[in-house]
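Residue 247 in our numbering sits at position 28 of the sequence shown; the count goes up by one each step and never skips.
None of these hints come from the bench; they were simulated from the model. Note that beta-carbon positions come from the ideal geometry of N, C-alpha and C, so glycine has one too. Watch out, some of these pointers could steer you wrong.
Label-pair distances were calculated between CB atoms; the ranges are [claimed, not checked]:
| hint | residue 1 | residue 2 | range |
| --- | --- | --- | --- |
| 1 | R315 | L260 | 34 to 44 Å |
| 2 | T338 | A288 | 36 to 46 Å |
| 3 | H279 | E314 | 17 to 27 Å |
| 4 | A308 | E358 | 36 to 46 Å |
| 5 | T265 | G289 | 17 to 27 Å |
| 6 | G289 | E266 | 31 to 41 Å |
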Amino acid sequence: MARIYFERRELPPDLQRLFDTIWDDPGDDRPPAAAECSPPLDVIETETGIEIVADVPGVHADALHIVCAGNVVMIAGQKTPSACEHREAAFHLAERAFGRFARVLRLEGAFDAGRANATLVAGELRLTLPRIDDRRGREIRIPVH
């Protein structure tokens, strides 16, 4: 079984720089990698590789960024309030989280990020990473369909 390590708030320096370029907003003084609405996820080892399932309700595919670098997978995105959100209203209860998030997973083993597949259906992101024997790592962005 693969050993999986979770890091919620701190990214490796190279992924931090990548994340900073993705979310380059000069008017935003918050740290770019701050997890405000970190999605829960499952990591499942299959016979052919690893499957990662994350709950990202309200996040659109174009707001998700998935990057694989060696055995590190970063799932980042942004959940924005709905268009009907009343900013001037006096809330009695506000529990929903909005903002940027990033999850970083260190996986044991080598995976073929070039054959990885990511789908987003009904708020569930499903990322499939096929296992390979070649351990030379490189960074690959994975589109979400």
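Hints versus structure:
Between R315 and L260 the beta carbon distance is about 19 Å. The supplied range of 34 to 44 Å is therefore violated. Between T338 and A288, the C-beta spacing of about 21 Å breaks the proposed range 36 to 46 Å. Between H279 and E314 the Cβ separation comes to about 21 Å, which falls inside the hinted range of 17 to 27 Å. The supplied range of 36 to 46 Å is met by A308 and E358, whose beta-carbon atoms lie about 43 Å from each other.
The hint said 17 to 27 Å for the Cβ distance between T265 and G289, and at roughly 20 Å that hint holds. The hint said 31 to 41 Å for the Cβ distance between G289 and E266, and at roughly 22 Å that hint is violated.
Hint compliance for this structure: hints 1, 2 and 6 are broken, all remaining hints hold.
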